[in-house]
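Each chain is listed here by its residues.
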Amino acid sequence: MAKRRIRILLAKPGLDGHDRGARVLARSFRDAGFEVIYTGCHQTPEQIVATALQEDVDMVGLSCLSGAHNYLYPAVAKGLQENGAGDIVVVGGGIIPEKDIPPLKAAGLKEIFTPGATLDSINEWIAANVTPKE
Amino acid sequence: MKELGKRVLAGDIRAASRLIRNLEDQITDTYIAIQEIFKETGKSHVIGITGAPGAGKSTLTDELIAAYRKQDKTVGVLAVDPTSPFTGGALLGDRIRMLRHAEDPGVFVRSLATRGAMGGISKAVGEGIHVMDVLGKDKIIVETVGVGQQEVEIINHAHTVIVVLVPGMGDEIQALKAGLMEIADIFVINKADREGAGKLYKETMNMVQMSRDKYGVSKGWVTPVLLVESVLEPHKFAESVEVLRDKIDEHYQFLIDNNLISERMRRKTAAEITEAIWGSVLAPVLEQLETSGEMKRMIDRCLLKETDPYSLAEEIAQRFMKQRPGTS
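Top to bottom, those sequences are chains G and F.
Using the numbering used here, you'd call the opening residue of the first sequence number 1 and step up by one each time.
Using the numbering used here, you'd call the opening residue of the second sequence number 1001 and step up by one each time.
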């Protein structure tokens, strides 16, 4: 039996047009052997949830630099849970104050990557923590 | 696994996407779910969109979705992008042009990576079409990877093939070559506001007029050449894509009226059987050679000139096939 290939949705929720970081990640994920679907900027949480279901991804990576992560990230996690897709791992990145991290994790985010996280460390985290469901 | 087919038949989007994925990942026993849905297939109109990288296939697909939604038709999209030959990873970016339809329940977009397939689509496209079909999509659009001259496998799967051309890609000789230019049921000259569009139109028309009727029916199909205006003028763009939509439907009607659908279905089915045999016969052999380390040893032996790939293939064939063609 062939091995499952990990599928990742990279999304930028909210009013934030700065996607250099997300693009660098998309490239890095590709080079790590993952299949990456990139949505581009200005997505609503509902659009991201619908896309994750249609693409049957194992992980949703959210990037937001506008400061609205406390609203947007949990909304995505909640939307997935409500649609029976709570098994999809949700992670977030961006300029996120340390005090926001525990509530985000409580809301269903599995990991938060902040400035300084290396591409390798993120790829390693994914390889260790994201297992495609049978 | 049995569940999966039932869930797809019940309209479960994620199950549908998962079934396509099981085919991509070549999960054992996936055929059971296909068995469950296969009887229900064959109702949708399958449209292939192909052309060079950057020709505007995704943007055109997006507008075509909108044009069909105006008529309340439901649409499934299989968007194929290339897999890296080095890492096996892929960046699937067609969807980025189709985001406005993300929440529309009448539209289902699924991105696929080629996973090493060479024909411009993924091996899972044939079954992906079945999955979209049983979900009840009226129109299924298959967007190929950006193709060169001979990635023409889309003709095995689509009823109507659209070849998207853009000005500035080569001279008249390109239009005379075999391959891509032969497979169009409709030509679209995209970015028609660009310099050279008029010349390209003339050359393509010349080529079409020289072509023989490939359907061999009395009132044959003359491949239309449509000019599509710049996306920078949204109204004009939408208008010209509506003209394209009507032409696509006209072509489908032409196939139906002339009893040509069944011929296309035979071609599609033949391609699928070939694909399935490939998966069930060849893939396990290759996998065993890979996991046992034999592949590596064979490569070493070839590099040392102790043997050659053809002798090895003969050896493998004798070992794995009980009955070889011509030797029974």
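Quick caveat, the hints were computed from the structure, so don't treat them as lab data.
Only a predicted model underlies this, so the values are computations on that prediction, with no experimental measurement involved.
Mixed in with the good hints there might be a few duds.
Just the calculated beta-carbon pair ranges, DEER-fashion [unchecked claim]: (1) G:Asn83 - F:Gln1071: 25 to 35 Å; (2) F:Glu1263 - G:Ala107: 12 to 22 Å; (3) G:Tyr71 - F:Phe1086: 52 to 62 Å; (4) G:Tyr71 - F:Met1205: 32 to 42 Å; (5) G:Asn129 - F:Leu1260: 48 to 58 Å; (6) F:Asp1029 - G:Asp31: 47 to 57 Å; (7) G:Asn83 - F:Glu1306: 25 to 35 Å; (8) F:Val1285 - G:Lys133: 40 to 50 Å; (9) G:Asp31 - F:Val1208: 36 to 46 Å.
We put the CB at the ideal spot given by N, CA and C, even for glycine.
Now for the hints, and whether the structure bears them out:
no.: 1; hint: G:Asn83 - F:Gln1071: 25 to 35 Å; result: holds, 28 Å
no.: 2; hint: F:Glu1263 - G:Ala107: 12 to 22 Å; result: violated, 56 Å
no.: 3; hint: G:Tyr71 - F:Phe1086: 52 to 62 Å; result: violated, 40 Å
no.: 4; hint: G:Tyr71 - F:Met1205: 32 to 42 Å; result: violated, 55 Å
no.: 5; hint: G:Asn129 - F:Leu1260: 48 to 58 Å; result: holds, 52 Å
no.: 6; hint: F:Asp1029 - G:Asp31: 47 to 57 Å; result: violated, 32 Å
no.: 7; hint: G:Asn83 - F:Glu1306: 25 to 35 Å; result: violated, 57 Å
no.: 8; hint: F:Val1285 - G:Lys133: 40 to 50 Å; result: violated, 28 Å
no.: 9; hint: G:Asp31 - F:Val1208: 36 to 46 Å; result: holds, 43 Å
When the structure is compared with the earlier hints, violations turn up for hints 2, 3, 4, 6, 7 and 8 and for no others.
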